[in-house]
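Given chain A, work out where chains B and C with the ligands should sit, using these hints.
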Amino acid sequence: MSELIIKNIQKFYGDHKVIDKLDLQINSGEFVTLLGPSGCGKTTLLRMIAGLETIDGGELYIGGRKANNIPAQKRRIAMVFQSYALFPHMSVKNNIVFGLRIKGMELHDMFTRLDWVLPLLGLEGLENRLPREISGGQRQRVALARALVLDPDVLLLDEPLSNLDTALREMAMEELKRVHRQVGKTIIYVTHNQAEAMTMSERIAVMNAGHLEQYDTPGALYRHPRTMFSAEFIGSPSANFIPGTIEIKNGELVLNSEIGLLEIDETRKDYLRNFSGRSVVAGIRPQDIILSSTRTHRRASDSHVTLGVELIENHGDRSFVLGRFENGLPVRFMAANDSDYRTDARVEVLIDGRCIHLFDPETRQNILEK
Amino acid sequence: MKSGQEQFPSAARLKSILPLWPLLPAAFYLITFLFVVLSYLLYLSFSTASGAFPTLATAGNVFAMNEFRQAFVSTLLFVIVGTPLELVAGLALAMLIYKPFFLRSIVRTLFIIPLAVPGLVTATLLFIIFDSNGGFMNHILMGKYWFFPHVIRHAVDWRGAQWSALSVAMIGKIWRDVPISMLILLGGINAIDPELFDAAKTMGAGLRQRFRYVILPLIIPAISSVLLLRSIEMWKEFIFPYILAGRYHLLGTLIEFLYMEWGGKYEHEAAFVALVLVGCIVVSVAVFMFLVDIVRRMVSDVR
Amino acid sequence: MGKLDRFTPTSPLKRLVWTIGIVATAFMVMAPVYLLVKYSISDMESINTGGLPVPLWPYHPTFAVFSYLFTDPEFWQVVLNSLWIAIGTVLLSSLLGVPAAYVLARYKVPFRRAILIGIISVRLFPDISSVIPISVFFISLNLYSSFSGVILAHTLLALPYVIFIGMSAFEGIPRDIEEQAMTMGANQFQIFFRILLPIAIPGLAAAAIYTFLLSWDEFIFAHFLLDPGGKIQTLTLYLRSRITFQPPQNLLAAISVCLSLPVIIFSFAVQKYMISGMTAGSVK
Ligand SMILES: Nc1ncnc2c1ncn2[C@@H]1O[C@H](COP(=O)(O)OP(=O)(O)O)[C@@H](O)[C@H]1O
Ligand SMILES: [Mg+2]
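The listed protein sequences derive, respectively, from chains A, B and C. Mapping to the numbering used here: the first sequence position 349 is 356, numbers consecutive. Mapping to the numbering used here: the second sequence position 282 is 283, numbers consecutive. Mapping to the numbering used here: the third sequence position 50 is 877, numbers consecutive.
By construction, these hints were calculated from the structure, which means they are not laboratory data. This one's a predicted model, so the numbers in the text were calculated from it and none came from an experiment. Treat the hints with care, as some may be off.
[As the list claims (entries may be wrong)] Keeping only pairs whose Cα atoms sit at most 27 Å apart, straight-line, the calculated BS3-like set for lysine-lysine is: (1) Lys-841/C / Lys-110/A; (2) Lys-1058/C / Lys-266/B; (3) Lys-841/C / Lys-73/A; (4) Lys-100/B / Lys-1099/C.
Bound conformation, chain A alone:
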């Protein structure tokens, strides 16, 4: 009953198109993340859902009801702002019950809600403090409590963790997941941090420059990026892109890339035969480039490439290696720390044809996924 449907939605600031015909469907109780770089329109979209921003085109349905013209006050949504927007002159308690008071709730019910939400977010004992008298993490939880206590159909969170330090952020992420499990609300969560999105959400809507790039589960996003943008934005470090063409060499379908011939996985050959002669961009995740020396058995889909190591960033168990292929194209990959490579050394790596994502250089769409 609290599912959310966004159809063809549009937003302009003057002549500047900020949201461009965006479609999104969010199921009741689902945890969905809007993920994208700063300025791509996530906040704008969220504010349109909240009713804080007019909708210039398309339709918005909340719980089956068309909501375009329902004012924010009546939408049964709650929002947690990036700055938390706690009322500085009200105590924690008054901040939390503000919305209930506005709705004219009985004192008794108000306290019941308060007694439910304070322990849920570990805020007992802070009721009478002012926002400036509590820590950043506590403020974030007050903001969340203030939204939850309204019992909204949809909970909107705009980068709620971006003002926290790393340790706090991880705790807050777990907590948010726990709260979602306990209250089962539909949550739309905005972030520009792909790690946050991957850990928390059931589905991720990747946004770029006002439109939707891909809408999928975290796993599908990682394994099957629909666009070059998705491949670049999801996964860390981001994917390598290598231009090339699909060709038939000696009767075999291969990818003739700038770094040499790359094998194509058997299972895809039939489909890709239609593309022979076409130029493509190969997207390869750093995790899918493997030092040959660490691999004992060989697969038919493996290709061998040599490269020069330029920089090694030690991440403890593994290292992130920056190198250059022989033609000068830069490359990033991950390598285990116990293997044998040094700065300035030449090493041989394996690229598994099954892990290569192929994109059309014009449309930047994945030609294998539709």
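Frame of chain A; chains B and C with the ligands shown alone:
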């Protein structure tokens, strides 16, 4: 002087004070005038034309004056009525333009026009408009124009009665000074994070509730600034009642009247009234601070 | 529009109420200015209407009173007087105020806060209360009814503004510039005259204009310090002397226009600084 070593400022200290010399001329100027004003004011107030000093004779004369008592009450009313009116008007204007909108800066500039018109000119214009004989305001209220209903039957002699004369003076004063209140309040409102309004909106608060629960408590400092500064201005007011209220004196115009109209005969009484005016301001500032403190404590109790 | 329309009221009704509010206020603000101009170009028939409504626009607009004013030597005399007094005030208050502003903005002055509060309180002290001691004092110094007396008094009024506006002008200059000059061996004088002063000129010019206007339309001190029957009169006194029992309204309006025109024009030039001068002290 406390200890032997500190008798002379150390070289380092001297070096840090020496570059401050350009302050001296202005400081000298201001301090001289301060000294002159205070000492002459006190001296004149507590002496008489015959040279007696110190004496309360002048004070006695003033307190015995009917005009003084009337002027004091009128001034008090002027302050008590005028200051809140100016606050409310300033708040209304500030609420109209605190949100960014197309051409806002031009509208804001427009709203500041009254400040750019000299007070004497505004007073003169009101003098013309509120003329008892063929004045524009009388014609309007008598329903002679299509755009205004018929309210009064006969022309009103605005300057001929105390309440109307002082009211017209107050209208002029408020019209001229409301932009200052507006600007101070605008500063206060614009310092509020707009996301607070959004947050209140998503929590169901309508326009009135947002004003009552979010804007109002957060601009209490700006409001008290307005009340304090503008009430001082109201006490001090001279030009509007001087031009518009003739013999219905406020303290300010009474001072002028005593000093100028009697060929120096009441110079000492004028000085004493001037001193009383300063005293009124000091006392009202103190009372105001006390009230603000109470309000602040009440607000913090509520939480 | 862009970012600007983000907060405008959304519902048509609210928008209507808001627009009416803006228009009504703009009207309230403009109406007196309009009326002033209207009266100044009114012919007698539009003023003494004999019971007919005063016309919203004169029947026969005329510049007759202006040409009367402009051919009256007394008018020119008072304009010149006002001008001299204002210029004198600008010079004296800048001479005193700018160095003080520089020091207050740039050096660690002991009791700085107390000094600033003291300067603000000078402005809060009622003119009408300080004018009597000052005129008695000036009479004893033979400064009564002289240019210098009025200039000295106006400087007292203007000094706090000059110092405050001047301070913000100097504070706006990055310190690096000075330090750079110091490392190049410049002394206090050279830094002030060669570097800071030229950069601060716009702000200081605003202070000067503000001072000029303050003196130009000042009434109380001029009224007390200049003999009403004496030779030196200012434009404000001239206007006041014309307000009699049944004064010619168009003449009053015409003098008012002459008095306010420079003020209105220059006020908008220094709007930003004027606001900071007016609201100084509101931020505690
Ligand atoms: N009020 C506004 N007026 C004009 N442009 C805006 C406004 N708010 C946001 N924008 C523009 O819209 C785009 C999307 O902004 P936003 O939704 O805040 O991005 P995100 O939250 O993804 O960082 C940006 O290019 C931004 O400059
Ligand atoms: Mg954002």
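Structure-based check of each hint:
With a CA separation close to 22 Å, the supplied pair Lys-841/C and Lys-110/A stays within the 27 Å bound. At most 27 Å may separate the alpha-carbon atoms for a hinted pair to count; Lys-1058/C and Lys-266/B meet this at roughly 24 Å. Of the pairs offered as hints, the one joining Lys-841/C and Lys-73/A holds, with about 22 Å between alpha carbons and a cut-off of 27 Å not exceeded. For a cut-off of 27 Å, the pair hint linking Lys-100/B to Lys-1099/C stands: about 19 Å separates their Cα positions.
Hint violations for this structure: none, all hints satisfied.
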